[in-house]
Amino acid sequence: MTDDSPALEAQPRQSPLHDVHAAAGASFTDFAGWLMPVRYSSDLAEHHAVRTAAGIFDISHMAEILVHGPDAAAFLDFALAGKLSAVAVDQARYSLLLDTAGGIIDDLVVYRRADDSFFVVANAGNRVPVVEALASRASDFDVTVDDQSDEVSLIAVQGPRSREIIAATAGITGIQLDELKYYWSTNGSFDGVPLMVGRTGYTGEDGFELYIQADAAAALWAALTAAGQPFGLQPAGLASRDTLRLEAGMPLYGHELGLDTLPVQAGLGRVVNLKKEGDFVGRQASELGAPDGARVLVGLVSEGKRAGRAGYAVFDGDVEVGAITSGALSPTLGHPIAMAYVDPGLSAPGTELAIDVRGSRVAASVVALPFYKREA
Amino acid sequence: MADLNELKYTAEHEWILVDGDVATVGITAYAAEKLGDIVFVELPKVGSTLVEGTVVGEIESTKSVGELFAPVNGTVVEANAAVSDSPELVNSDPFGEGWLVKVRFTELPEMLDLAAYTALTGE
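Residue numbers (my numbering), protein chains in the order written: chain A, 2 to 377; chain B, 1153 to 1275.
So that you can see chain A by itself, here it is in the shape it has in the complex (with noise of 0.2 Å):
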């Protein structure tokens, strides 16, 4: 037996809830210089609780840093590749951070808090460049860049439960509930702590994101875990995020997403806005588009059980056409699902093409994306 994963870095750090992790027989797997829990008892279980009931995440590796200042909208609308500006207060977005050949340095969700103030949150991975990038890219404007990542902790609750949840979680007060919309959020606080609430997440569930100073976090999870026991609220690993936001159809940094990815290329045209004001980094190389024959994101289908996994050929017959960003055999669809890059001229839902499993070929039909759709 052998095992593909990735082996231990060195001293990779420790979430603020490392220790309730432990106590609660986490599996830990090193994702992007964090240990964090890949699973407590089982993926698919925890997968099945997001899909059917609600689970519970610790995402406090993500990095947050808040951008206020007087000029912080219109320093956004220069830095990322939306209109920031016409976000309204307490709403977010989900973005891009553009270099200047258009490639993507990292996708992030950006949340309003006040005029003169947002809270990027961005990729672990991605910490640095994204501090990086925007602190160069703030000279010419009157704002500060500060990165909070150290003190804030971030929770999802996520699943057709997690409102109920939220709800009956004690030490929560304040925040607006049963007017908080997709894509918007609330604030409040626990036991006496600020807190912010999104209704965002990453699994295709309805769900929250709970942002608090990471003193605060162990309590938080201690009383969402004990409101969420009547509801089926399970704790959930990074394995199971993996494959529920691969059903999902959302991308992943690193997988669909790299400097060298055009957001058209990954079907995130609509997100860099050409037709706001002014210059934005990444606007000149974005207006030229994808040069011809780009390899464009796409779903495949298989039937059986065999997965293509991370890296493996997509072949046309005999040519080689592309290749597998993610894959997985989908809990919930019970049948194989990657997303994959190829040739433009293949991408057409209905196409059938071939995935290469470790030397034997696997037929794949080209879907349209998400594979699965949570039930409106």
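Hints in this document: simulated from the structure, not taken from any laboratory. Keep in mind that the hints are not guaranteed to be accurate.
[As the list claims (entries may be wrong)] Computed beta-carbon distance windows for the label pairs:
1. A:Gly-312 with B:Ala-1163: 50 to 60 Å
2. B:Val-1203 with A:Gly-233: 24 to 34 Å
3. A:Val-129 with B:Gly-1274: 49 to 59 Å
[Stated by the list, open to error] DSS-like, lysine-lysine: derived pairs with alpha carbons at most 30 Å apart:
4. A:Lys-306 with A:Lys-374
5. A:Lys-84 with A:Lys-374
6. A:Lys-306 with B:Lys-1186
7. A:Lys-306 with B:Lys-1197
8. A:Lys-276 with A:Lys-182
Heads up, the beta-carbon is just placed ideally off N, CA and C, and yes, glycines get one too.
Given the structure of chain A, go ahead and fit chain B onto it with the hints provided.
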């Protein structure tokens, strides 16, 4: 479930249980736990010849793919159809219902006993 002291182990996390000239082969609980939820198992066919140390099957979890190495030279006399239908047996009972193949062997190589294997995994 087999008595763990009766089994022999490999550094690749297989176990074997010897009965006459037939060895039952499986993967250890440690290996199953490391893989996560096992969703697909591909086993060598009955009658196929195994060469010690070569890859003869695959064990896939939601997250990764593990390779099954032949722990001995020999011929497959039975493959566990139950784990092909219900791969989760490898997680729930790796030393029992989750066995993988039975191999008629010619001679046994040097293998680890439980103490040596436990020392290897550090658990």
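Q. Holds or violated: Lys-84 (chain A) with Lys-374 (chain A), Cα cutoff 30 Å?
A. Roughly 27 Å separates the two Cα atoms, so the pair holds.
Q. Going straight from one Cα to the other, do Lys-306 (chain A) and Lys-1186 (chain B) come out at no more than 30 Å?
A. With a Cα-Cα distance of about 20 Å, the restraint between Lys-306 (chain A) and Lys-1186 (chain B) holds, given a limit of 30 Å.
Q. Within 24 to 34 Å or not, the Cβ separation of Val-1203 (chain B) and Gly-233 (chain A)?
A. 48 Å, violated
(Q) Between the alpha carbons of Lys-306 (chain A) and Lys-1197 (chain B), is the straight-line distance 30 Å or under? (A) It holds: about 18 Å lies between the C-alpha atoms, which stays within 30 Å.
**Q.** Hint consistency between Lys-306 (chain A) and Lys-374 (chain A) [alpha-carbon to alpha-carbon, up to 30 Å]
**A.** Roughly 21 Å between the alpha carbons, so the hint for Lys-306 (chain A) and Lys-374 (chain A) holds.
Q. Are the Cα positions of Lys-276 (chain A) and Lys-182 (chain A) separated by 30 Å at most?
A. 26 Å, holds
Q: Go ahead and decide if the range 50 to 60 Å is satisfied by the Cβ distance of Gly-312 (chain A) to Ala-1163 (chain B).
A: 26 Å, violated
(Q) Holds or violated: the 49 to 59 Å window for the beta-carbon distance between Val-129 (chain A) and Gly-1274 (chain B)? (A) 33 Å, violated
The earlier numbered hints that this structure contradicts are 1, 2, 3.
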